[in-house]
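Engineer: Protein chains in written order, with the numbering used here: chain X, 243 to 617; chain U, 243 to 617.
Wrong hints could be hidden among the right ones.
Put simply, identical chains are the same to the list, so a pair is met inside one copy or across any two.
Stated by the list, open to error - Each computed DMTMM-like pair below joins lysine to aspartate or glutamate, with the alpha-carbon atoms no more than 20 Å apart:
no.	residue 1	residue 2
1	419	372
2	465	256
3	380	538
4	587	544
5	257	595
6	566	363
7	466	437
Rather than coming from a laboratory, the hints here were simulated on the basis of the structure.
So you can see what is in the structure, the chains are spelled out below.
2 protein chains.
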Amino acid sequence: MENTNFLFDITATEKNARAGVFHTPHGDLLTPVFAPVGTQATVKAVTPAQLEEIGASLVLSNTYHLYLRPGADLVAEMGGLHEFMRWPHPMLTDSGGFQVFSLADTRKVDEDGVTFKSHIDGSMHRFTPESSIGIQEKLGADIIMAFDECADPNNAAYIQQSMRRTHAWAERCLKAKTRPDQALFGIVQGGVDSDLRRQSAEFISSLGFPGHAIGGLSVGETKKEMHDTLDVVNAILPTNKPRYLMGVGSPEDLVNGILRGVDIFDCVLPTRLARHSAAFTPTGRINLMNAAYAHDHSPIDETCSCYACQNFNRGYLRHLIVAKEILASTLISIHNIQFLVSLVKRSRQAIIESRFESFAQEFLESYQPRRKRGD
Amino acid sequence: MENTNFLFDITATEKNARAGVFHTPHGDLLTPVFAPVGTQATVKAVTPAQLEEIGASLVLSNTYHLYLRPGADLVAEMGGLHEFMRWPHPMLTDSGGFQVFSLADTRKVDEDGVTFKSHIDGSMHRFTPESSIGIQEKLGADIIMAFDECADPNNAAYIQQSMRRTHAWAERCLKAKTRPDQALFGIVQGGVDSDLRRQSAEFISSLGFPGHAIGGLSVGETKKEMHDTLDVVNAILPTNKPRYLMGVGSPEDLVNGILRGVDIFDCVLPTRLARHSAAFTPTGRINLMNAAYAHDHSPIDETCSCYACQNFNRGYLRHLIVAKEILASTLISIHNIQFLVSLVKRSRQAIIESRFESFAQEFLESYQPRRKRGD
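Next up, chain X with everything else stripped away, as it sits in the complex (with noise of 0.2 Å):
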C-alpha cells in the first residue's frame, strides 16, 4: 500500500489543465476533484449515502470545529473520521490556520503559533504546527495540511512576514508528521503579490511535499488577481504532484482553475447558498425563494441527474423554503453539490478528450457569475 500511496499519475493534460489520478489509502482521486465540506464531520443536510449517489469523492473536515467539538481524542476513539461520520472514501483536513483567523476572537500570533478564543464558549486554545499536525493525525484523513497563516491581503505590508513564519511552520509541519498513511501538503502563500506568491512556491516546493496547495485566495481580491496568483504559483509548483486551490469556489472558479492546472478544489459554496435557496443552474444562480417560481412544473436544471432534478420541480422546492422545510435545504444541497462535482468530472473527461477549452469557453459564456460572491 505504502509504496502506491500518494503517487499522482498524469492520465491527460491540455495546455495547463490536467487530468490524472492521485492515489489514497481510501481510493483513488480522480482529479480535477471538487471537495463538498463536512465542517462538523457532516456535509450539512446530506447523508453519505446521498453524497455517493451525487459521485463525490473526496470530503473535506475542519480540524478547527472538530478540535473544539466532539474534540480529536474523541474522533480517534472512534475509528478516525472516516468511522466517525461514515465516509469510506478519501478525506482531507485542513490545519485550522484558517478558521483560527476567520472565526476565532482575541488571538494572538507568535512565531511559535496562535492563541486563540473558542467561537462556541470563548474558552482559549493554543494551535502550532505541531499540535495542529498532532490534531490532524488523531482526526485520520488521507489529506493533511501544514498550519499555515493566512493573512489579510489588504494589509501588504504584513503579508511578507506572514509568508515567512508559514514557511518556517511548513517545515516544523513536516519534522512532526509521524503517519505513513496521510500525505501532508504544505501551502503556499504571499497574498496578490507574485513576487512573494513565487519565492512562497518556489520554498514550498522544495521541501519536498506530496502534493501542494494555494491558500490565501478567494479573500477578497478581483478575479484577475486570483488567476494571476494561479499562474505564477502554478509555473513554479512541480507538474507531478497534485495542486489544491483551497476554499474555492464557484461554478467559474473551478472552471478558470481548471484552465490554469489546479487538480482539487474545496468549497461550503453548494451547502452555504442552498440553505439561502439559490441553486447553480448552468445559466447561473437563481434562487428559488423568488415568487416567480412558486408554479413552475420544471426541475431546477433540466440537464441535471441528481435527486432533486429527477423528482421535484421548482414550485415543490418553493414551498418547501417558504414553509421552512429541512427538506429545502437537503434537496438543493444535493443538487448544487452535483452541479460543482459534474462539473469537474465533465471537465476531466473534456482534457482527456483534448477539447477542455472549448468545453471551458462555452461553459464560461453561457455561466453568468455573480459580481459579488457570498449571497
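Based on these hints, arrange chain U on the given structure of chain X.
Structural biologist: For chain U alone, coordinates are given in the frame of chain X:
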C-alpha cells in the same frame, strides 16, 4: 380499478386484532399500518426515497396547512399531492378539523362550519364540511376524512353538542364528495363518554363509509380511557372496513390499538421526537443529547435495520445534536419512523402466525413508556 378500490380484505385475525389489505388507487396497504406525517407535503427532514427504504407505505398530510400554504389550487395544478411531493404510494389527508381547533386562533364554530385565523399570517378563513371535501379533492389523497369537531374532552357538557354537529357534518361530507378515486372515512367522536361513543359509532357506521376513524383520542385522556373507548367503538364498527385511530401514537399505543382491532395509525411523534433528540429503543425512549452517549460506540438500536442504525453510532449522533447539525434530525427521524413501521409490520406478521398476543405482551413488558405524552 374502481371495482376493487377501497375493498378491505381480512387476511387473518387473532381475537380483536386483524391483519388485512386495503386496496387503494396507489397500491395496496397491508394493515395494520403506521403512517408518518408529512404536514406540509414533506415528512420533516426525510426524502421520499428514504421513506421507501424504511418501508413506509402510507403518508398523511394536513389539509389545514396545505390549504394555507401553498394552497390547494397550486397543489392541484401541480398534479395533486402525490405528484407534488413525489410520493407515488397511498396518501391520506385529514379534514383540517383538528388543526382548526388546535392551531388556529379566534375561531367561531357554528352549525355550518368554522371561522378561524391563520396561524401563519393572521388572515381569516372559513372551513365547512363542503369546503373541506373540496380542498381534499384538489389535494387528491387516496383516503380523505370527514370534517369533524374535536371537542375539548374536559368539557363534558359540550361533547354531546359537538358530537351531533360532527354527525351532521359527516352526512354533508358524504353528499359533497365527488371523486370516485378517493375513499372518504367517517369519524367517530364522543370524548371519553362510553354512551356517546356508542351512539357515535352506531350513527357513523350507518352512513356507509368505506372506512371509519376514531377521533378525539390522545388529546389528554388517560391510557385506560383510550383503551376503554377503543373497546366500545370497535365492538360496533363493522369488521369488514378499516379502522383508523387518528393521531396515535407511541409504540405502546400502537400495540394496544392493534390488540383492540385498529388497522391504521398516524402520528407526528417519530419525527417530532427526532427533532428533540429522542429515539425509540425496544426498552423505551432515550435522549441522545445526554452526555452519557458521547463515547457510545453502539447504534441507537442493535436490532434495527434502518440506515441510521446500520451506519452511525450514538456518539456520532450526539455530536451532530450538540453541533446543531440537520443530519441529526434526518437520521433520528429515519430510525424513529422505521421503529414504528417495523413494530406494526411485525405485529401484522404475528397476527398472521397467531402469536400476536404473546408478541404484544412481550413488547409491552420490555418497553417502558413515558408517563406523559410529548417530549
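Engineer: Determine for every hint whether it applies to the structure shown.
Structural biologist: Consistency of the hints with the structure:
1. 419 - 372: within (8 Å within a copy, 73 Å between copies)
2. 465 - 256: So residue 465 and residue 256 fail the 20 Å test inside a copy (22 Å) and across (73 Å) alike.
3. 380 - 538: Between. Shortest inter-copy distance 18 Å satisfies the 20 Å Cα cut-off; intra-copy 48 Å does not.
4. 587 - 544: Answer is within: at 18 Å inside a copy they meet the 20 Å cutoff, but 39 Å across does not.
5. 257 - 595: within (13 Å within a copy, 70 Å between copies)
6. 566 - 363: between (28 Å within a copy, 15 Å between copies)
7. 466 - 437: Result: close within a single copy only, 16 Å intra versus 82 Å inter.
Checked against the numbered hints listed earlier, the structure breaks hint 2 alone; every other hint is satisfied.
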